[in-house]
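Student: Sequence:
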Amino acid sequence: MAEHEIGTREEWQAARDELARLEGEHAERNEEIKRKRLALPWVPVEKEYEFDTEKGSRTLAELFEGRSQLLAYNIMFGPDYRLGACPGCTSLGDELDGTLVHLNHSDVTLICLSRAPIERLVAYKERMGWQFPYVSTYNTDFPFDFSLALTEAQAQQIPQVKEMIDNPP
Numbered sequence: 001m002a003e004h005e006i007g008t009r010e011e012w013q014a015a016r017d018e019l020a021r022l023e024g025e026h027a028e029r030n031e032e033i034k035r036k037r038l039a040l041p042w043v044p045v046e047k048e049y050e051f052d053t054e055k056g057s058r059t060l061a062e063l064f065e066g067r068s069q070l071l072a073y074n075i076m077f078g079p080d081y082r083l084g085a086c087p088g089c090t091s092l093g094d095e096l097d098g099t100l101v102h103l104n105h106s107d108v109t110l111i112c113l114s115r116a117p118i119e120r121l122v123a124y125k126e127r128m129g130w131q132f133p134y135v136s137t138y139n140t141d142f143p144f145d146f147s148l149a150l151t152e153a154q155a156q157q158i159p160q161v162k163e164m165i166d167n168p169p
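Under our numbering, the first residue of the sequence shown carries the number 1, and numbering increases by one thereafter.
Hints listed in this document are in silico derivations from the structure and should not be mistaken for laboratory results.
For each residue, glycine too, the CB sits at the ideal point set by N, CA and C.
Wrong hints could be hidden among the right ones.
Unchecked claim - Straight-line alpha carbon distances no greater than 20 Å define the calculated SDA-like cross-link-like pairs of lysine to any residue that follow:
#	residue 1	residue 2
1	K47	R120
2	K36	S147
3	K162	K47
4	K162	L150
5	K162	C89
6	K34	K47
7	K55	A72
8	K55	K162
Unchecked claim - DEER-style ranges, computed between Cβ atoms:
#	residue 1	residue 2	range
9	P41	D17	18 to 26 Å
10	S68	H4	49 to 57 Å
11	S68	D145	20 to 28 Å
12	G66	G24	40 to 48 Å
13	E10	R127	35 to 43 Å
14	A155	S68	32 to 40 Å
15	R127	L148	36 to 44 Å
16	R127	A14	41 to 49 Å
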């Protein structure tokens, strides 16, 4: 374990106060980002996308399953990933099943989607014990059209993404 500085109660309090100030700034910034995300303009989806699902091929409209809203979470699980999805996305995926009934009762269909082929997604879903619908965007333009995936050149410019490409999960 890393060695930590031992200080006085006053030093700890000053450091804690500074941390609280930074956390407050972070929360304000997060709210600003959330407002901007919610204010993004809607655009018509004019391209016909076909997705692979556990129930076969489905269009984007069919993924709604008759509900008025579709909540789609992109789990980073690329076609070249060997062991599974991004650990952070996997952790979030572990929390989603409990929301299904509540979302469905609110006229919302929840799906998760990834770029890996459906067979690999189904196997990973079973391994993780997930129940939510899992959809493959493999061989579609959807993740690129909606900025859910990066080109190789774009990915090389982001150190964290480059690391994941160089050492996939």
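Student: Quick check: which numbered hints come out false for this structure?
Tutor: 1, 3, 6, 8, 9, 13, 15
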